[in-house]
Amino acid sequence: MASRQQVWKKSFFTALVLGALSAQALAADPTLSFVVSANPAQQGSVIDLNVLISDVSDLYAYQFTLSFNAAVLQATAVTEGSFLSGGGATFGDTGTIDNTLGSISLVYNTLQGAVPGVSGSGSLAHISFNVANVGVSVMNFSDVVFLNSSLGDLTLKLEPLTLQAVAVPEPSTYLLFGAGLAGLAALRRRQAR
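Under mature numbering (1 follows the signal peptide of the UniProt record, and there is no 0), the letters of the sequence shown match residues -27 to -1, 1 to 166, in that order.
Hints in this document: simulated from the structure, not taken from any laboratory.
Even glycine gets a Cβ: it sits at the ideal position worked out from N, Cα and C.
Any given hint could turn out to be false.
What follows is a list of derived Cβ distance ranges for each label pair [said to hold, decoys possible]:
| # | residue 1 | residue 2 | range |
| --- | --- | --- | --- |
| 1 | VAL141 | PRO89 | 42 to 52 angstroms |
| 2 | ASP31 | SER96 | 16 to 26 angstroms |
| 3 | SER122 | GLY17 | 37 to 47 angstroms |
| 4 | PRO133 | ALA50 | 39 to 49 angstroms |
| 5 | ARG162 | GLN137 | 31 to 41 angstroms |
| 6 | GLN137 | LEU79 | 46 to 56 angstroms |
| 7 | PRO133 | THR69 | 17 to 27 angstroms |
| 8 | ARG162 | ASP28 | 52 to 62 angstroms |
| 9 | ASN12 | ARG162 | 35 to 45 angstroms |
| 10 | SER27 | ARG162 | 50 to 60 angstroms |
Make the full structure from the sequences, and use the hints.
The structure is reproduced here in structure tokens:
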């Protein structure tokens, strides 16, 4: 017959193993996603897009290509986000904009020297777009490489974004809407008497 101490040790060990497995299962992969300043966006406007990394550990370097619908959007500028530079000096490139194919190719950035990678969440890049036409643009990532400070691959969850561009209402639409509201207000006043 097992002693109480042996039963307790076995139960404690089992609890530790199950706890470790549960923590491992709950630890999600970091997420690469977008946040846009307006969605839907109005035709003729300028929108800002942030490329965000969430819940990453030990990020040392990254690379990605962004695709978009060039019939709807035209990229105008790409700048480095502040997340990676929070870990020290960086070296990178904001990629090559191709508004015919609808891509920003090979945006990359890396920390310099023997420093630990950055952990947490933040912005990797800021991108400005002109909303050229009405339609839908799906933003997708490709050529994705994220490395830790040992230059090992980091696995990421990629979240695309669907942006809708809508027409700006004609000024006459606003006038008709205003006239309708004024007429409705006058009718209510008559009914109230």
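For each hint, the structure was consulted:
1. VAL141 with PRO89: 42 to 52 angstroms: holds (48 angstroms)
2. ASP31 with SER96: 16 to 26 angstroms: holds (18 angstroms)
3. SER122 with GLY17: 37 to 47 angstroms: holds (45 angstroms)
4. PRO133 with ALA50: 39 to 49 angstroms: The hinted range 39 to 49 angstroms is violated for PRO133 and ALA50, with Cβ atoms some 22 angstroms apart.
5. ARG162 with GLN137: 31 to 41 angstroms: At 39 angstroms between Cβs, range holds.
6. GLN137 with LEU79: 46 to 56 angstroms: Given about 28 angstroms between the Cβ atoms, the range is violated.
7. PRO133 with THR69: 17 to 27 angstroms: With a Cβ separation near 21 angstroms, PRO133 and THR69 satisfy 17 to 27 angstroms, so the hint holds.
8. ARG162 with ASP28: 52 to 62 angstroms: holds (57 angstroms)
9. ASN12 with ARG162: 35 to 45 angstroms: holds (39 angstroms)
10. SER27 with ARG162: 50 to 60 angstroms: Check passed, 54 angstroms falls within 50 to 60 angstroms.
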